[in-house]
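J.: Generate the whole structure from the sequences, applying the supplied hints.
There are 4 protein chains.
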Amino acid sequence: MTTIHHHSVQIYYEDTDHSGVVYHPNFLKYFERAREHVIDSDRLAQLWNEQGLGFAVYKANLTFLDGVRFAEVCDVQTSFELDGKYKTLWHQELWRPNAKKPAVTGEIEMVCMDQQKRLHPLPDSFIEAMLKL
Amino acid sequence: MTTIHHHSVQIYYEDTDHSGVVYHPNFLKYFERAREHVIDSDRLAQLWNEQGLGFAVYKANLTFLDGVRFAEVCDVQTSFELDGKYKTLWHQELWRPNAKKPAVTGEIEMVCMDQQKRLHPLPDSFIEAMLKL
Amino acid sequence: MTTIHHHSVQIYYEDTDHSGVVYHPNFLKYFERAREHVIDSDRLAQLWNEQGLGFAVYKANLTFLDGVRFAEVCDVQTSFELDGKYKTLWHQELWRPNAKKPAVTGEIEMVCMDQQKRLHPLPDSFIEAMLKL
Amino acid sequence: MTTIHHHSVQIYYEDTDHSGVVYHPNFLKYFERAREHVIDSDRLAQLWNEQGLGFAVYKANLTFLDGVRFAEVCDVQTSFELDGKYKTLWHQELWRPNAKKPAVTGEIEMVCMDQQKRLHPLPDSFIEAMLKL
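Chains as they are written, first to last, in my numbering: chain A, 1 to 133; chain B, 1 to 133; chain C, 1 to 133; chain D, 1 to 133.
Source of the hints: derived by calculation from the structure; they are not laboratory data.
Keep in mind that a hint or two might mislead.
Unchecked claim - Using 25 Å as the maximum straight-line C-alpha spacing, the simulated DSS-like pairs for lysine-lysine come out as follows: (1) LYS87/C / LYS117/C; (2) LYS117/B / LYS59/B; (3) LYS59/B / LYS87/B; (4) LYS85/C / LYS117/C; (5) LYS87/B / LYS101/D; (6) LYS59/D / LYS87/B; (7) LYS117/C / LYS101/A; (8) LYS59/C / LYS101/A; (9) LYS117/A / LYS117/C; (10) LYS101/B / LYS87/D; (11) LYS100/D / LYS59/B; (12) LYS101/B / LYS117/D; (13) LYS117/C / LYS59/C; (14) LYS100/A / LYS117/C; (15) LYS59/D / LYS101/B; (16) LYS132/D / LYS59/B; (17) LYS87/D / LYS59/B; (18) LYS87/A / LYS59/C; (19) LYS87/C / LYS132/C; (20) LYS132/C / LYS100/A; (21) LYS59/A / LYS85/C; (22) LYS100/B / LYS101/D; (23) LYS100/D / LYS132/D; (24) LYS101/C / LYS87/A; (25) LYS117/B / LYS101/D; (26) LYS117/A / LYS100/C; (27) LYS59/B / LYS59/D; (28) LYS101/A / LYS101/C; (29) LYS100/C / LYS59/A; (30) LYS59/A / LYS101/C; (31) LYS87/C / LYS59/A; (32) LYS85/B / LYS117/B; (33) LYS100/D / LYS117/B; (34) LYS100/B / LYS132/D.
Claimed, not checked - Take a look, some chain A residues computed to stay more than 10 Å from chain B by CB distance: (35) TRP95; (36) LYS100; (37) MET130.
This structure is a prediction, so every number in the text was calculated from the model and none was measured.
Quick reminder that beta carbons are idealized off the backbone N, C-alpha and C, glycines included.
T.: Right, here's the structure in full:
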């Protein structure tokens, strides 16, 4: 049974392009914001500042099913699983208000890296914290 | 006596640059988000979709007093006044948590325009709504 | 035999984040810039303004193999094929200077849409122009 | 007599918003790109990596006179002067193709800072290089 975490994203001018809907790379931003809230931004800042560790996106598979418009308040739904010593897998969806299907879906693989951009095992404290979510 | 409106902005990866702090043009984004919340995003969407009217920044004077870091949750403080038939003036400040002075201040002039980018008087309904804030 | 189109991207402050390398959603921007140069931006503007047609990304599969740093001038390599009446498929890679492998690869599917965001067959003039590239 | 440096900026999807023109904070990006080309990005990277020094925008006064549209290739015109031990002053304008007046003008003050975000005198080597431009 997987927990789904919800994060709310309001669409501002900065998010749209001249076609009238959200510019597609921005969904990767919303998905990252949502992951940061799941992991906890303060824990991320601490890992970076104290242990020199961060997370990098290794793979991102996105499907864009619907356009999203200015002023809409959307719901980003996020679930994840740990995959071995280095990797976390994330399933994410962005839903427009009152929608029957997601507007955008993403499968994201993240790895843990040090500040020299070398792969690093997920810290035990991180794994423990994530297993409690 | 001027009302100060508060809007909260969390700093994500997307907001920073490789110098370690928020990339300076992004403060114009936060100031715009805050203005959209003061005016009300739904009213803005309605004005645009039904009357073909929007607001454009005519002048922006910014002063950058302090760097802002990842994961900080900042307070954008906004006040405004109407200035003639076409213009609104905005004073905005971004405050880091527990700060003694603002990190960034801005004086913004906005004008009302139609979709052909011609100056248009502020709609009466807009003026009325703003005077109630 | 597939033509590879080259597009040069310089990494500015705006492209990086506080981890010191390019913020990952930005690679979708560079890939789009490169596709716009292949298709021709003026043709895109004309299609949009005169026929009300545009292109939307339907799927994007990205793999991030290496970090990219401030001031690097990278080479985006793009090839494409037409796939049926509605779709174009793009293979894109971003190469750092003097690299032995790409830093980021992408498989992008684009569809043609009208301004109501409904699927629309690729215009014949567009297909003809693309087949000449 | 002041040298005017030219830098070309093409407007992509990413630059526009749903009002149909360039999103206003992006002009600060173009102005920064142009300054980086005047100063030389490799020199900036070297200053940062070897001496831990960078430049921060202290003040930015912008005036927005005209909207800028998708696919336009604009000319950013930049001139500067040194102002005391810490500061450089920049006058920048963005011109649309065949325009009779600039679309956006900016007066930018930059200061030199170390990685702890403390004010630092402009390095002599930097001043010398700038005086030759």
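J.: Taking the hints in turn, state whether each one holds.
T.: Hint check results:
Pair hint LYS87/C plus LYS117/C holds up; C-alpha atoms about 15 Å apart against a cutoff of 25 Å. Only pairs whose Cα atoms come within 25 Å are accepted, and LYS117/B paired with LYS59/B is accepted, the gap being roughly 16 Å. About 11 Å separates the Cα atoms of LYS59/B and LYS87/B, which keeps this hinted pair within 25 Å; it holds. Using a Cα cut-off of 25 Å, the hinted pair LYS85/C and LYS117/C holds, with the two alpha carbons roughly 16 Å apart.
At roughly 22 Å between alpha-carbon atoms, LYS87/B and LYS101/D fall within 25 Å of each other, so this suggested pair holds. Pair hint LYS59/D plus LYS87/B holds up; C-alpha atoms about 23 Å apart against a cutoff of 25 Å. The suggested pairing of LYS117/C with LYS101/A holds, with an alpha-carbon distance near 16 Å, which does not exceed 25 Å. Among the hinted pairs, LYS59/C with LYS101/A is consistent with the structure: their alpha-carbon atoms are about 16 Å apart, no more than 25 Å.
For the hint linking LYS117/A to LYS117/C, the alpha-carbon distance of about 40 Å lies beyond 25 Å, and the restraint is violated. A threshold of 25 Å between alpha carbons decides the hint, and for LYS101/B with LYS87/D the separation of about 22 Å falls inside it, so the pair holds. For the suggested pair LYS100/D and LYS59/B, the alpha carbons sit about 20 Å apart, so the restraint of at most 25 Å is met. In summary, the hint linking LYS101/B to LYS117/D is supported, as the alpha carbons are separated by about 16 Å, within the 25 Å threshold.
With a C-alpha separation of about 16 Å, the suggested pair LYS117/C and LYS59/C falls inside the 25 Å cut-off, and the hint holds. For a cut-off of 25 Å, the pair hint linking LYS100/A to LYS117/C stands: about 17 Å separates their Cα positions. For the given pair, LYS59/D sits about 16 Å from LYS101/B by alpha-carbon distance, which is consistent with the 25 Å threshold. Restraint check for LYS132/D and LYS59/B: not satisfied, since their Cα atoms lie roughly 33 Å apart, outside the 25 Å limit.
The straight-line distance between the Cα atoms of LYS87/D and LYS59/B is roughly 23 Å, inside the 25 Å bound, and the hint therefore holds. A distance of roughly 23 Å separates the Cα atoms of LYS87/A and LYS59/C; the hinted pair therefore holds under the 25 Å criterion. The suggested pairing of LYS87/C with LYS132/C holds, with an alpha-carbon distance near 17 Å, which does not exceed 25 Å. Distance hint between LYS132/C and LYS100/A is unfulfilled; the C-alpha atoms sit about 41 Å from each other, more than 25 Å.
Restraint check for LYS59/A and LYS85/C: not satisfied, since their Cα atoms lie roughly 29 Å apart, outside the 25 Å limit. Between the alpha carbons of LYS100/B and LYS101/D the distance comes to roughly 42 Å, so the proposed pair goes past 25 Å and is violated. Distance restraint check for LYS100/D and LYS132/D: the Cα-Cα separation of roughly 30 Å exceeds the 25 Å cut-off, and the hinted pair is therefore not satisfied. At most 25 Å may separate the alpha-carbon atoms for a hinted pair to count; LYS101/C and LYS87/A meet this at roughly 22 Å.
A threshold of 25 Å between alpha carbons decides the hint, and for LYS117/B with LYS101/D the separation of about 16 Å falls inside it, so the pair holds. A threshold of 25 Å between alpha carbons decides the hint, and for LYS117/A with LYS100/C the separation of about 17 Å falls inside it, so the pair holds. Of the supplied pair hints, the one linking LYS59/B and LYS59/D holds, its CA atoms being roughly 13 Å apart against a limit of 25 Å. Taking the CA atoms of LYS101/A and LYS101/C, the gap is near 38 Å; set against the 25 Å cutoff, the hint is violated.
Of the supplied pair hints, the one linking LYS100/C and LYS59/A holds, its CA atoms being roughly 20 Å apart against a limit of 25 Å. Of the supplied pair hints, the one linking LYS59/A and LYS101/C holds, its CA atoms being roughly 16 Å apart against a limit of 25 Å. Under the criterion of a C-alpha separation no larger than 25 Å, the hint pairing LYS87/C with LYS59/A is consistent with the structure, at around 23 Å. Between the alpha carbons of LYS85/B and LYS117/B the distance comes to roughly 16 Å, so the proposed pair stays at or under 25 Å and holds.
About 17 Å separates the Cα atoms of LYS100/D and LYS117/B, which keeps this hinted pair within 25 Å; it holds. For the suggested pair LYS100/B and LYS132/D, the alpha carbons sit about 42 Å apart, so the restraint of at most 25 Å is broken. Distance check for TRP95/A against chain B: the nearest CB is about 18 Å away, which clears 10 Å, and the non-interface claim stands. Every CB of chain B lies more than 10 Å from the CB of LYS100/A, the least distance being 22 Å, so the non-interface label holds.
The claim that MET130/A lies off the interface holds: its Cβ sits roughly 18 Å from the closest Cβ of chain B, which is beyond the 10 Å cut-off.
Violated hints, listed in ascending order, are 9, 16, 20, 21, 22, 23, 28 and 34; each of the other numbered hints is respected by the structure.
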